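Visitor: Let chain A serve as the given structure and place chain B on it in line with the hints.
Residue-level listing of the chains:
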Amino acid sequence: MRIVGRGLAVASRIDSDIAFELQHLPADLAIAMRVYPNGPCCLLQHTGSDLRYLGVSDSCSADMEIIFKHLQHAWLLYTFQEDTPTAFARNRIVLDGEVHHATVFNRCLSRLMTLILPRLIAERAVKRYPVIALRDKFSLAVAIYLRIPLERRRPAL
Amino acid sequence: MTSRYYEFYCPVKILAGLKALEHLPAELAERGCAAPMVLTDKGVRDAGLVKHVEIAFEEAGLSVGPVFDDIPPDSSTDVVEGIAREFRERNCDSLIAVGGGSVLDTAKAVNILVSEGGESLRAYVGAHKLTRPLKPLVAIATTAGTGSEVTSVAVIKDTHKQKKDAFQSSHLMPAVAVIDPRMTLTVPPPITAATAMDALTHAVEAYTCIAKNPLSDAYATAAIQKIVTALPLVLEKPGHTDARLDLAEAATMAGIAFSNSMVGLVHAIGHSLGAVCHLHHGTCMSLLLPYVLEYNFDAIRDDLGMLLPFLTSDDIARATPPEQRAKAAIAAIRDLRDKIFDATQLPRSLSESGKVEQSQLARIADLSVDDGSLMFNPVEADRSDIMSILEKAWSESDR
Chain A
1 MRIVGRGLAV ASRIDSDIAF ELQHLPADLA IAMRVYPNGP CCLLQHTGSD LRYLGVSDSC
61 SADMEIIFKH LQHAWLLYTF QEDTPTAFAR NRIVLDGEVH HATVFNRCLS RLMTLILPRL
121 IAERAVKRYP VIALRDKFSL AVAIYLRIPL ERRRPAL
Chain B
1 MTSRYYEFYC PVKILAGLKA LEHLPAELAE RGCAAPMVLT DKGVRDAGLV KHVEIAFEEA
61 GLSVGPVFDD IPPDSSTDVV EGIAREFRER NCDSLIAVGG GSVLDTAKAV NILVSEGGES
121 LRAYVGAHKL TRPLKPLVAI ATTAGTGSEV TSVAVIKDTH KQKKDAFQSS HLMPAVAVID
181 PRMTLTVPPP ITAATAMDAL THAVEAYTCI AKNPLSDAYA TAAIQKIVTA LPLVLEKPGH
241 TDARLDLAEA ATMAGIAFSN SMVGLVHAIG HSLGAVCHLH HGTCMSLLLP YVLEYNFDAI
301 RDDLGMLLPF LTSDDIARAT PPEQRAKAAI AAIRDLRDKI FDATQLPRSL SESGKVEQSQ
361 LARIADLSVD DGSLMFNPVE ADRSDIMSIL EKAWSESDR
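Protein chains in written order, with this note's numbering: chain A, 1 to 157; chain B, 1 to 399.
Here chain A stands alone, though its shape is the one from the complex (with noise of 0.2 Å):
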């Protein structure tokens, strides 16, 4: 969940598709992935043109929840064994918030896996695996992980 959240906090503001998305989302929008009852829950919050990562923690509160229903789930869904949309589909995920802030959340989720993870582990991940040319790929993938450790904790805006 720490590398999701990092992960797409560093995509957001090197990757052109990811940011693209987020034009989509209302600056500001507090964005949260957690598991039922008592997390942990991963926070997120939109800038205006990045995601900033404000942690992880035990509770959360966010003006979008993405919440798993049991850990089990969270944990298919981060070791990339199944696709939001089939999480969704199979109800152990639970939408708090407005749907089409998901639909394109789901979208950037979507788009760092693809960047980040080979294209057979990517494909269990994803919906539809993306044209992309191998040298790209690789170049944001470096750019990412190697971020990830450096991607601090920071403070809601």
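No lab work stands behind these hints: they were computed from the structure. For clarity, every value in this text was computed on a predicted model and none was experimentally measured. Even for Gly, the Cβ is constructed at its ideal location relative to N, Cα and C. Don't take every hint at face value.
[Unchecked claim] Distance ranges between label pairs, derived from CB positions: (1) A/R154 - B/D78: 38 to 46 Å; (2) B/P322 - A/A141: 42 to 50 Å; (3) A/S59 - B/D366: 34 to 42 Å; (4) A/Q23 - B/T241: 47 to 55 Å; (5) B/S3 - A/R119: 18 to 26 Å; (6) A/V94 - B/A35: 31 to 39 Å; (7) B/T241 - A/T79: 55 to 63 Å; (8) A/L134 - B/G354: 47 to 55 Å.
[What the hints assert, rightly or not] In silico DMTMM-like links for lysine to aspartate or glutamate, alpha-carbon gap of 20 Å or less: (9) B/K161 - A/E98; (10) A/K127 - B/D302; (11) A/K127 - B/D298; (12) B/K161 - A/D63; (13) B/K163 - A/D63; (14) B/K129 - A/E151; (15) B/K163 - A/D58.
Guide: Relative to the frame of chain A, chain B by itself:
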């Protein structure tokens, strides 16, 4: 170990058939309600349909409460908030919605405010915002299509932001849905056809999208079979009460199916097409369904093939080689669409609708990619994929 899992929920009590409306006073009494507010629109009232409800109450020695009949086709937060104020002033304790999708959605939204409290709907936009059961709502559908009488969703236009907000919660489901053939008898054939195609699309998408489950499949296939049998009969004889009842039941079954398995790309594009071009929702569904099925074809081939006996007959399905059944299913939907055109002139392409400009397609595609229904489509679709579908639906080359 299997990772399969699904949930299925429909707590709505359904009253269907002859004199179903006459059972309403008893249903309200059972729920401790004595002062219902009736919500409807001018068209429904002028057609005399509210009179059936009033007579049902009079026969029980009761009278219906205040009747609000000014709900517009595209209801808004202002309308909802105004009705909620009147509901409180008149000390009402329940709601009876008599109408199509807009009236039913308005009633659900009013129920949020009068049950949860507050003056503004804004706080309840989105999914899972409601925390407790709402006041009893009786849904009496006057069109056979939306399935809104059994769904957990309401869509209302935000007057100030000029956009449509979706509300979703299991608490939004009506307590009672009434399917009485008298309520759809006067619907003109083109609307009957468009709303039936809406119901057919609910059923087909419920059966072919990724949240399908064995229970929603059962409702979906039963709905499809009823629609393809009853719709031509109703178009031929609009006063055919049994066929009208079959269509209304099918719409409710399709509503139960998609409420539990969601819909996909046909609805994602259809919502945007309706918002941009103000084309009737059922017409949008009728226009788009074959093209989206073709787009999804490789992912849904087996499921589509399974629908062939319900779309045609057991004999036709048995005589069709298994590898051709999926294509035959799409052909059957096209045949139905063509029959409907012959009977009602319901358009078969976007250009034929006369309400869509080719220059609007890009805007429709932009809106469609943000629609929540897209999540449940079996095949990913980006803006260019949707443009391609719209361009195919624009042309008439397939006929």
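Visitor: A separate judgement is required for each hint: does it hold in the structure or not?
Guide: Cross-check of the supplied hints:
1. For A/R154 paired with B/D78, a C-beta distance near 40 Å keeps the hint of 38 to 46 Å intact.
2. Here the CB-CB span from B/P322 to A/A141 is close to 43 Å, well matched to the stated 42 to 50 Å.
3. Checked against the hint of 34 to 42 Å, the C-beta distance between A/S59 and B/D366 comes to roughly 37 Å, which is consistent with it.
4. For A/Q23 and B/T241, the hinted distance range of 47 to 55 Å is satisfied, since their beta carbons lie about 54 Å from each other.
5. B/S3 and A/R119 have their C-beta atoms about 22 Å apart, which keeps the hinted 18 to 26 Å range intact.
6. For A/V94 paired with B/A35, a C-beta distance near 35 Å keeps the hint of 31 to 39 Å intact.
7. The beta-carbon spacing between B/T241 and A/T79, approximately 57 Å, falls within the hinted interval of 55 to 63 Å.
8. For the hinted restraint 47 to 55 Å between A/L134 and B/G354, the CB-CB distance of approximately 48 Å keeps it satisfied.
9. Taken as a hint, the B/K161 and A/E98 pair is honoured in the structure, with Cα atoms around 15 Å apart against an allowance of 20 Å.
10. Taken as a hint, the A/K127 and B/D302 pair is honoured in the structure, with Cα atoms around 19 Å apart against an allowance of 20 Å.
11. Restraint check: the Cα-Cα separation between A/K127 and B/D298 comes to about 14 Å, which is no more than 20 Å; the hinted pair holds.
12. In summary, the hint linking B/K161 to A/D63 is supported, as the alpha carbons are separated by about 18 Å, within the 20 Å threshold.
13. This hinted pair checks out: B/K163 and A/D63 have alpha carbons roughly 19 Å apart, not beyond 20 Å.
14. For the suggested pair B/K129 and A/E151, the alpha carbons sit about 33 Å apart, so the restraint of at most 20 Å is broken.
15. Taking the CA atoms of B/K163 and A/D58, the gap is about 36 Å. The hint is violated against a cut of 20 Å.
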